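Enquirer: Each chain, written out:
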Amino acid sequence: MRKTQHTTSGYGPPPKMAEKFLDWFLKDDLKEEVLGDLEENYLSNLKKHARLRAKATYWYQAFNYLRPFATRKIFATPIIPFDMFQNYFIIGWRNLLRHKMYSSIKIGGFTLGIAACFLIALYMRDELSYDQFYTNKGNIYRVYNAFKNEEHDEKWLSFPASMAKIMKNDYPEVEKSGRLIPYDFFFAGSNQFRREDQLQNAYEEGFAYADQTLLEILEIPMIYGNQETALAEPHTIVISRNKAEKYFPGQNPVGETIILNEETNRPFTIGGVMENFPRNSHLDYDFLITLTGEEFWEGEQTTWGSWNYNVYVQLVEGTNPLDLEEKLDAIKETYYVGYLKETGDQMLEDVEKYQKFRLQPVPDIYLRSVEMHDMVKNGDIRFVWLFGVVALFILLLACINFINLSTAKSANRARGRVKESHRLLQKPSDQPVFNRIYALQSDFFCIGNCTGMAGFAIV
Amino acid sequence: MKETRIGDFEETILLLTGILGEDAYALRIAEEFESQTGRPVSIGAVHSTLSRLEDKGFLRSEMSEATAERGGRRKRIYTITAIGHSTLETSREFKQSLWNQFPGFATDNPTWQIS
Numbered sequence: 001m002r003k004t005q006h007t008t009s010g011y012g013p014p015p016k017m018a019e020k021f022l023d024w025f026l027k028d029d030l031k032e033e034v035l036g037d038l039e040e041n042y043l044s045n046l047k048k049h050a051r052l053r054a055k056a057t058y059w060y061q062a063f064n065y066l067r068p069f070a071t072r073k074i075f076a077t078p079i080i081p082f083d084m085f086q087n088y089f090i091i092g093w094r095n096l097l098r099h100k101m102y103s104s105i106k107i108g109g110f111t112l113g114i115a116a117c118f119l120i121a122l123y124m125r126d127e128l129s130y131d132q133f134y135t136n137k138g139n140i141y142r143v144y145n146a147f148k149n150e151e152h153d154e155k156w157l158s159f160p161a162s163m164a165k166i167m168k169n170d171y172p173e174v175e176k177s178g179r180l181i182p183y184d185f186f187f188a189g190s191n192q193f194r195r196e197d198q199l200q201n202a203y204e205e206g207f208a209y210a211d212q213t214l215l216e217i218l219e220i221p222m223i224y225g226n227q228e229t230a231l232a233e234p235h236t237i238v239i240s241r242n243k244a245e246k247y248f249p250g251q252n253p254v255g256e257t258i259i260l261n262e263e264t265n266r267p268f269t270i271g272g273v274m275e276n277f278p279r280n281s282h283l284d285y286d287f288l289i290t291l292t293g294e295e296f297w298e299g300e301q302t303t304w305g306s307w308n309y310n311v312y313v314q315l316v317e318g319t320n321p322l323d324l325e326e327k328l329d330a331i332k333e334t335y336y337v338g339y340l341k342e343t344g345d346q347m348l349e350d351v352e353k354y355q356k357f358r359l360q361p362v363p364d365i366y367l368r369s370v371e372m373h374d375m376v377k378n379g380d381i382r383f384v385w386l387f388g389v390v391a392l393f394i395l396l397l398a399c400i401n402f403i404n405l406s407t408a409k410s411a412n413r414a415r416g417r418v419k420e421s422h423r424l425l426q427k428p429s430d431q432p433v434f435n436r437i438y439a440l441q442s443d444f445f446c447i448g449n450c451t452g453m454a455g456f457a458i459v
Numbered sequence: 460m461k462e463t464r465i466g467d468f469e470e471t472i473l474l475l476t477g478i479l480g481e482d483a484y485a486l487r488i489a490e491e492f493e494s495q496t497g498r499p500v501s502i503g504a505v506h507s508t509l510s511r512l513e514d515k516g517f518l519r520s521e522m523s524e525a526t527a528e529r530g531g532r533r534k535r536i537y538t539i540t541a542i543g544h545s546t547l548e549t550s551r552e553f554k555q556s557l558w559n560q561f562p563g564f565a566t567d568n569p570t571w572q573i574s
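Chains A and B, in that order, are what the protein sequence lines are. Mapped onto my numbering, the consecutive letters of the first sequence carry residue numbers 1 to 459. Mapped onto my numbering, the consecutive letters of the second sequence carry residue numbers 460 to 574.
If you are wondering where the hints come from, they were derived from the structure by calculation, not from laboratory data. From a predicted model like this one, the values you see are computed outputs, not experimental measurements. Ideal Cβ placement from N, Cα and C applies to all residues, glycine included.
Here are the simulated BS3-like cross-link-like pairs (lysine-lysine), alpha carbons at most 27 Å apart as the crow flies:
| id | chain 1 | residue 1 | chain 2 | residue 2 |
| --- | --- | --- | --- | --- |
| 1 | A | K27 | B | K515 |
| 2 | A | K168 | A | K155 |
| 3 | B | K515 | A | K31 |
| 4 | A | K377 | A | K155 |
| 5 | A | K73 | B | K515 |
| 6 | A | K168 | A | K341 |
| 7 | A | K137 | A | K356 |
| 8 | A | K327 | A | K341 |
| 9 | A | K168 | A | K353 |
Under 10 Å between C-beta atoms, here's a sample of chain A residues computed to sit facing chain B:
| id | residue |
| --- | --- |
| 10 | L35 |
| 11 | E39 |
| 12 | A62 |
| 13 | F63 |
| 14 | L66 |
Here are the in silico distance ranges between beta carbons for each label pair:
| id | chain 1 | residue 1 | chain 2 | residue 2 | range |
| --- | --- | --- | --- | --- | --- |
| 15 | B | D482 | A | A50 | 25 to 33 Å |
| 16 | A | W59 | B | E493 | 12 to 20 Å |
| 17 | A | F63 | B | T526 | 21 to 29 Å |
| 18 | B | T538 | A | W93 | 49 to 57 Å |
| 19 | A | W93 | B | E493 | 45 to 53 Å |
| 20 | B | S556 | A | A56 | 41 to 49 Å |
| 21 | B | T540 | A | F63 | 30 to 38 Å |
| 22 | B | E493 | A | W24 | 21 to 29 Å |
| 23 | A | W59 | B | F553 | 34 to 42 Å |
| 24 | B | D467 | A | Y60 | 18 to 26 Å |
| 25 | B | L479 | A | A56 | 24 to 32 Å |
| 26 | B | T526 | A | W59 | 21 to 29 Å |
If we strip away everything but chain A, and leave its shape as in the complex, we get (with noise of 0.2 Å):
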């Protein structure tokens, strides 16, 4: 671009952008003129008006040069000649009329199997799903027993009460653990449901015991009350946002009380409402119940003899599961291989030789928990796979009867090329006639596709 001075220097250049914007597109011979017109105007515009008005209107006349006159060659031709798809289309549209069974073969078994590989793909996408969604996720995990030797290979999750206790206390890589009592337990199951202030009882269901520590763990969000507080206190429960509405509609039922089975002797004050849990969480209850001051009977809470307890811990971040999971085996020396020395139980050998206590990621532990009998939501990893594999193959299938029924096709075609070959001869090239067989087919897949998302969006 040529150098530029400005007899008007005090009011400064156009638009920079818009010179090079201009410059990009504009024919080589149009150039010169058009950016002197155009900063000719802009001077005299900006004698007349603010300088930000001349700028704009400088944009927008450089903007009205975008016409097929001015552009350069490149932006003039249409790179894909429409007009000729556009025929090739109307006939591939009217052969498809013609050929009414092979059409609805052709794009029926394509939207059958479109519409199954969507399905799949969806049922996948949400068994993939549950547990993604901790912020801390790389860090939460729940600890199980791993029993192993050659006649059994078992797992399982219950743990004593003290367990999460000595984790915490013992490891500094333990950021915070805590328990859950999922069984049918004392209060946890289902009970009959009331408010102290009235009589009438409810049935309900999905009730557990809690730790405080739980909440924070599993990130629970609360609706009201505090999450680092509301099991805080003994004798206190979480209520879920769906059972809040339901027995307190509209207030805040924080510091209520709320009586189970009739045990007038032991009310419960409600410490918080919690969101409900997501569709997609191994978890699902509606009453959390503290495990704070609770002790189920005399000593439970520190024998080694009584395991009901689900144990979730949060680690250090930065911290390798593999090697805190060695260093459990202080736990078992310690605690249980002690109490079964005491007790003078016969399954001292096998617990000191084959008994591991292990760490399971919280977001593997609705695909990947088959083995662990436990008692929360379950999917299985190897159905997801299977049925991975299933959709591939129905899509296989599909583009395998596509293409069959389309070679099949063209072997008609060949044999009526002889037909044909005067009309060929006067083309210039196979080149179109590929095209329009291509359009056809291309046809074919959009209307399978399509009819296939269609079909889908039914089912």
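Starting from the structure of chain A, add chain B where the hints point.
Expert: What follows is chain B alone, placed relative to chain A:
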């Protein structure tokens, strides 16, 4: 075959080019159009019409000498050709003949009945 008919906007631009004489370049013509008609027009629109008119042979153009006020860039000055001139005249005559056939007064006015 080359298009030789002329549209209304083209005709106006052609006339303005003739009026401006030595000073007929895209920006000046656009300004003149705005001041004469009171309608805003972009320089690009005028320029595109000028180049079309040139294609049709009604105009021809030359680059002027460099001028300082536009960063030393030259202008493209358009001049009307003989064909352009005669096309304008044909157009005017055609319209004139239409006007001649157009009733001067509304036909439902009372007129003398000459029998």
